[in-house]
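Sequence order for the protein chains is B and Y. Throughout, my numbering is defined as the position within the first sequence, counted from one, plus 155. Throughout, my numbering is defined as the position within the second sequence, counted from one, plus 327.
FYI, nobody ran anything at the bench for these hints, they're computed from the structure. Keep in mind that the hints are not guaranteed to be accurate.
Derived list of chain B stretches under chain Y, where covered just means 3 residues or more per stretch with a C-beta under 8 Å from a C-beta of chain Y [said to hold, decoys possible]:
# : region
1 : 182-190
2 : 227-238
3 : 258-268
A virtual CB, placed ideally from N, CA and C, is assigned to each residue, including glycine.
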Amino acid sequence: MIQQTNPNRRTFYLTVIYGLGGLMSAALAIPGAVYLLFPPRVKKSGDWVEAGDVSQLKDQEPSELVFKRTRLDGWRTLTEKTSAWVVKGGGQQITAFAPQCTHLGCAYHWDAGNKDFLCPCHTSVFSMDGKVVSGPAPRPLDEYEVKVQGTKILIGSIKKAPIVS
Amino acid sequence: MPIPPKVRSIVDWIDHRTGLETAIRDFLYEEIPESSGWHQVFGSIALFSFMVQAFTGILLAFNYAPTPGDAYNSVRYITLDLTGGALVRGLHHWGASLMIIVVVIHMTQVFISGGYKKPREATWLAGCVLLLTTFAFGLTGYLLPWDNRAYWGTVVTTQIAASAPVLGQYMQRLMGGSDGVGVVTFTRFYAMHVMILPLSMIALIGIHVYLVRKHGVAPVAGDVGPKKRFFPEQVFKDTLAIFAVFTVLFVLALVARAPLGRLADPTDTSYIPRPEWYFLFLFQTLKLFEGPLEVVGAVILPNLAILALFLVPFIDRGRAIKTAQRTVAIGVVVLAGLAWAGLTAAAIRSTPAAMEDTAGLEPDAEPWQLVAPSELAAVGYFRMQNCGKCHAGGKVTTHKTSEELIAHFKQATTVTQLSDSQLKALANVFIKMNPNAAAALLSAPQPAVDGAMVYEKSHCGICHQVNGVGVKLGPELNGVALRRNRDWLIQHFLDPQRLSPGSTMPRYRFSPKDMEAIVAYLHKVPN
Chain B
156 MIQQTNPNRR TFYLTVIYGL GGLMSAALAI PGAVYLLFPP RVKKSGDWVE AGDVSQLKDQ
216 EPSELVFKRT RLDGWRTLTE KTSAWVVKGG GQQITAFAPQ CTHLGCAYHW DAGNKDFLCP
276 CHTSVFSMDG KVVSGPAPRP LDEYEVKVQG TKILIGSIKK APIVS
Chain Y
328 MPIPPKVRSI VDWIDHRTGL ETAIRDFLYE EIPESSGWHQ VFGSIALFSF MVQAFTGILL
388 AFNYAPTPGD AYNSVRYITL DLTGGALVRG LHHWGASLMI IVVVIHMTQV FISGGYKKPR
448 EATWLAGCVL LLTTFAFGLT GYLLPWDNRA YWGTVVTTQI AASAPVLGQY MQRLMGGSDG
508 VGVVTFTRFY AMHVMILPLS MIALIGIHVY LVRKHGVAPV AGDVGPKKRF FPEQVFKDTL
568 AIFAVFTVLF VLALVARAPL GRLADPTDTS YIPRPEWYFL FLFQTLKLFE GPLEVVGAVI
628 LPNLAILALF LVPFIDRGRA IKTAQRTVAI GVVVLAGLAW AGLTAAAIRS TPAAMEDTAG
688 LEPDAEPWQL VAPSELAAVG YFRMQNCGKC HAGGKVTTHK TSEELIAHFK QATTVTQLSD
748 SQLKALANVF IKMNPNAAAA LLSAPQPAVD GAMVYEKSHC GICHQVNGVG VKLGPELNGV
808 ALRRNRDWLI QHFLDPQRLS PGSTMPRYRF SPKDMEAIVA YLHKVPN
């Protein structure tokens with residue numbers, strides 16, 4: 156013979172079981188989601204790095220300057236090689252483009268014959284001032300903050316170019 | 328609660344194809360003795376604790392790097408840099424202790440009530456293996472943060488395993504510890520902790536629960552009343568008990584930070600290794616035996632105890648009687664409890680107040696804390712001489728060599744009572760001008776700067792090192808804040824030999840102001 160539980164008690168039991176069960180699941184799931192999704196605490200961001208000298212640049216011809224910069228990668232501080240495509244404009248205006256295509260991050264290069272930047276992955280083409288000429292790239296090339304001190308080219312962090320529709 | 332027909336038909340569809348609903352029903356509507364109740368909630372809590380450990384363990388694995396080179400920093404990153412990281416790690420750390428407590432209570436309850444008796448011997452044996460697995464989780468887990476406690480605990484563990492008769496050397500080889508504890512041991516402990524043990528645990532829990540179901544929940548002796556169902560009344564009691572325990576765990580994880588000591592340092596002779604609290608009784612047992620008998624305390628006795636635990640159902644084969652009449656069983660539990668408490672208390676008494684346990688959780692040192700004492704003292708000269716009046720922010724551009732700078736100091740109207748060596752130190756800061764010194768110039772707090780000046784004036788660097796500068800004749804002063812408190816430092820300055828017999832350090836009778844400053848400085852030296 157099996158004892159039967161009184162219906163009112165049964166409802167009470169079920170409420171407590173599902174209520175506390177739900178509460179505990181939330182107490183684990185929410186911190187878990189926050190832990191996985193929130194960005195880590197920001198530490199001091201990158202300083203200005205010397206990338207090269209103005210004399211290395213040619214008029215109307217981008218140069219790829221390779222330099223070392225310190226980057227925070229999780230729990231590691233890395234000093235790694237990175238590069239920038241640096242263009243000296245007509246009015247001594249200097250622009251430095253981040254070396255990744257804005258489509259899916261491939262490394263593009265300067266096509267001297269066509270006088271434009273060509274990405275080998277999905278054939279995005281950018282003009283010398285970074286604008287999208289053709290291909291799937293959604294926005295112009297990303298630019299670094301850049302300043303010139305004496306004849307030294309100093310490169311800062313990347314400023315994201317807005318999406319042009 | 329009536330189920331809407333639409334939902335009902337979907338559930339039926341799934342059940343016809345998978346048998347899922349029937350299986351859950353069979354599980355929940357299991358018949359249990361009328362005498363079941365609150366005393367049987369511990370098995371469920373143990374299972375729940377394991378689930379919390381599995382969940383938080385997987386979360387930790389998302390940001391943890393299992394190599395001696397990265398482990399420590401990734402644990403620091405989880406604890407200090409990730410939102411919720413300290414909570415997740417806290418749940419896992421304290422959850423481990425909690426799980427051991429719950430498993431032991433569960434076992435004690437079964438032992439006292441005689442729940443292991445025929446035909447439930449196999450259930451007990453599976454439970455014993457589960458207990459050992461839980462301990463193995465603890466042992467392999469506390470290596471993983473790779474701080475001093477982890478390192479030394481594992482050194483001792485592998486050495487104990489090596490001392491076992493016959494099998495010792497093979498065990499040591501299996502643990503990768505033949506040539507000392509390093510990458511190999513580390514990786515093997517990690518593989519144990521995240522692969523072998525969880526799989527074993529899940530399989531064993533499966534066997535254990537299957538056996539409980541096969542034989543039914545053990546009734547209290549003499550219970551012949553009508554059966555009742557597991558769901559919902561017993562599940563309700565289990566849930567309430569689990570909730571109480573979980574609340575304690577959650578609050579503990581929020582309030583008490585999981586410890587992290589200093590990075591494992593095989594050359595650190597000042598560290599006093601102690602295992603986790605649940606192994607302290609074994610640690611103390613080991614100390615009762617010396618010389619050739621050590622193997623008795625280290626290996627033989629613990630293994631005999633485990634053997635005895637396994638043999639319990641085969642030793643006590645009498646008929647089931649009421650718990651209150653099981654005086655021998657109760658006596659064994661009381662004696663074991665007293666022995667455990669006595670050994671643990673003795674071990675705790677021989678343990679120095681752990682000043683190091685949170686060393687790894689201190690925020691990174693500020694740049695000004697990283698400069699040499701002479702540089703920090705120079706910051707003091709700079710401020711004392713009002714150099715900032717003309718050189719705001721420490722800007723100097725004209726003088727290229729140390730000699731030129733010193734000549735400039737001597738001409739400057741504001742600079743007065745600096746000795747030649749002080750002038751040289753000041754000049755050096757500006758000639759080298761590393762970024763940390765530049766930061767120190769702007770941000771070093773005055774009490775620490777004053778202390779650095781006392782340090783320089785007293786020539787402490789002739790025997791001591793700070794931030795790698797100075798001579799290592801006496802103890803290195805980085806980390807002194809962890810080892811010694813303020814009062815100890817003051818007393819030690821006044822009479823070194825009283826606190827460190829045999830020390831060659833002279834007495835320093837500083838003025839109260841200087842004493843205050845140097846102690847403040849030493850407590851700001853990075854660990």
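Evaluated hints:
1. 182-190: holds (count 6)
2. 227-238: holds (count 3)
3. 258-268: Check failed, 0 qualifying residues.
Violated hints amount to a single one, hint 3; each of the other numbered hints is respected by the structure.
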